[in-house]
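A.B. asks: Okay, here's what each chain looks like letter by letter:
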Amino acid sequence: MLDGIQFNSLGEFLAMGGYAFNVWSVYALFAIFLLANLALPLRKRRRILREQRRRLAAGAGQEEAGTADRAGWEVSQEPGVQASGWEKRNDEAASAQ
Amino acid sequence: MAGRWQWFHRLGSPKWFYEKTTRWLPWLWGAMALFLTVGLVWALLFLPEDYQQGHTSRILVVHVAVAGTSLSFFPLMAVAGTVTLVWRMKLADMVAKNAAPLGAWFSFLTLATGSIWGSVSWGTWWEWTDSRLVSMLFQFFLLLGVISLRAAIENAETAARACALLSIVGCINVVVIKYSVDWWNTLHQPSSPISMEVGSPNGPEFWVATVVMIVAVYLFLAVSLILATRNEILQRESRAQWVRELALEAR
Amino acid sequence: MSGTNIGTAFLATLKRDLLISLKRRNDILNPFMFFIIVVSLFPIGVSPESAMLRQIAAGVIWIAVLLASMLSMDSLYRSDYEDGTLEQLLLSSVPLYLLVFAKNIAHWLVSGLPVILVSPLLAYMLALPSEGYMTLVASLLLGTPVVGMLGSIAVALTVGLGSRGLILAVITVPMSVPVLIFGTLAVQNALAGGSPLGYLALLGAMLALTISLAPLATAAALRISMN
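Protein chains in written order, with the numbering used here: chain A, 1 to 97; chain B, 1001 to 1251; chain C, 2001 to 2227.
Just so you know, these hints were derived from the structure itself, not from any lab. Just so you know, not all the hints are guaranteed correct.
[Stated by the list, open to error] Derived SDA-like pairs (lysine to any residue); straight-line CA-CA distance at most 25 Å:
{"#": "1", "chain 1": "B", "residue 1": "K1020", "chain 2": "A", "residue 2": "A39"}
{"#": "2", "chain 1": "C", "residue 1": "K2023", "chain 2": "C", "residue 2": "L2067"}
{"#": "3", "chain 1": "A", "residue 1": "K44", "chain 2": "B", "residue 2": "K1015"}
{"#": "4", "chain 1": "B", "residue 1": "K1020", "chain 2": "A", "residue 2": "R53"}
{"#": "5", "chain 1": "A", "residue 1": "K44", "chain 2": "B", "residue 2": "I1147"}
{"#": "6", "chain 1": "A", "residue 1": "K44", "chain 2": "B", "residue 2": "E1154"}
{"#": "7", "chain 1": "A", "residue 1": "K44", "chain 2": "B", "residue 2": "K1178"}
{"#": "8", "chain 1": "B", "residue 1": "K1178", "chain 2": "C", "residue 2": "G2204"}
{"#": "9", "chain 1": "B", "residue 1": "K1178", "chain 2": "C", "residue 2": "A2169"}
{"#": "10", "chain 1": "B", "residue 1": "K1020", "chain 2": "A", "residue 2": "N37"}
{"#": "11", "chain 1": "A", "residue 1": "K44", "chain 2": "B", "residue 2": "L1144"}
So that you can see chain A by itself, here it is in the shape it has in the complex (with noise of 0.2 Å):
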């Protein structure tokens, strides 16, 4: 199986026959493009929900003390989220069947 690899030693490897910085550099790119791809995905996600429970939160408090809903109004706010009925059509369409 090792028999396969085509270096002899860990310079070799590294050397590339010459083509170094091509070689690595588009491995280097490609990394980076795949890491940065799903991390920042999987970061965004954290902070919507961070931010989801916290105007829960503070939701909650004023329910309590009995004002208007000030939670669905700030999250009108937004963006992508003007558009709310037509965002209910398919949830309609879905409950329908």
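Dock chains B and C against the given chain A, drawing on the hints supplied.
C.D. replies: Quick look at chains B and C alone, frame taken from chain A:
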């Protein structure tokens, strides 16, 4: 009748998608890690040195996999756009919205790796006579156009439908661009028309490594797009009861 | 709807747009002047040598046409949007894509045609050999409507936006690349002594494809933008 279409309407429900992908994601992560490890080890350690290109053929494994995958973005966005326009399914738009930037990253990486490979094989970092690089450049521009249109329109529904239409038009256009650039190049072929095909008579080892890497990159595309779409769902559905419960559970 | 009614609406839209552009001469004149100025920058910026200029002449004129059409297109649906005409058009019982097509024709007559008419003069100033004139004009005749109708889709998508900035160009210019390729290839082929008919036929095919699809896409885009 209703039964046959039920899956389709369920698919439109973000909650259904979120729950399904919660179950799929571990498998997708695992498969991606497996294929990526096999592909990388094979490409870096076991791929035989090419008699013409030496170790630079190791670049091609990554480049070909990324380039091939990046071609799937416009068809993907066009299909999602059609679903958005015809059935007004919001899930399709959530996918399309996140596919555009990811596609731009894919196109950019294709251009970068292609030009690093070219610096050895062609002796130049950029070569207008390689039609693949040129049409990839214009695909990159078109994706930037879709992204900037999305950013410019404030109303989420209008932005969704406008980007859906632009993606469909863009998908047709990318094909026309591809063929016209090919045509243009066969007529402008100068003294050294070296193309990527030089790497092809490498034997099966090269292609098997590349196929493994292509599968790995497609799996990566699926995982990354699903993660981003799930974030989008959490944001847009933040008022739904199940999202609230989820936020409290995921402490 | 009877056939005559549709025809009347088509002609009325065409006539109305032509009259409006006569009143708003600046929207038409400025892009035209921009076109001439861009072309005249190339001898200064690249080289005044006629040997160099004749090589790039066709490409320079085509690129300047593309840039100028981005400028002129900006006003395509703006006034109609502002004064509410666009809403009336959307409510009309006449198919919207026919009215859009009429507007496209009107816009081409006032913005594309003048550019084509003046192009032989600019080609002469750029030292284009005389064999290329006919092909250049023919390629512009076939290609500029394609660019205009593609741009019309992008304008329709951005019609309600306060600051659309450069989005129009970012969307439309990459889409116009095939037209640029075959337009310049036709002229270069004519200069090399070959027949440009093949490329002109391809431009014609693109024109046919755009005439049949672009007004439909523009109509859909207008409906999206107007909600």
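A.B. asks: Now look at each hint and say whether the structure bears it out.
C.D. replies: Hints versus structure:
Of the supplied pair hints, the one linking K1020 of chain B and A39 of chain A holds, its CA atoms being roughly 21 Å apart against a limit of 25 Å. Taking the CA atoms of K2023 of chain C and L2067 of chain C, the gap is near 23 Å; set against the 25 Å cutoff, the hint holds. For the hint pairing K44 of chain A with K1015 of chain B, the CA-to-CA distance comes to about 19 Å; that is within 25 Å, so the pair holds. For the suggested pair K1020 of chain B and R53 of chain A, the alpha carbons sit about 23 Å apart, so the restraint of at most 25 Å is met.
Using a Cα cut-off of 25 Å, the hinted pair K44 of chain A and I1147 of chain B holds, with the two alpha carbons roughly 19 Å apart. For a cut-off of 25 Å, the pair hint linking K44 of chain A to E1154 of chain B stands: about 22 Å separates their Cα positions. A C-alpha spacing of about 36 Å is found between K44 of chain A and K1178 of chain B, which places the hinted pair above 25 Å, so the restraint is violated. Annotation: proposed proximity of K1178 of chain B to G2204 of chain C holds, straight-line Cα distance about 18 Å (limit 25 Å).
For the hint pairing K1178 of chain B with A2169 of chain C, the CA-to-CA distance comes to about 20 Å; that is within 25 Å, so the pair holds. Of the supplied pair hints, the one linking K1020 of chain B and N37 of chain A holds, its CA atoms being roughly 21 Å apart against a limit of 25 Å. The hinted pair formed by K44 of chain A and L1144 of chain B meets the criterion: a straight-line CA distance of about 22 Å does not exceed 25 Å.
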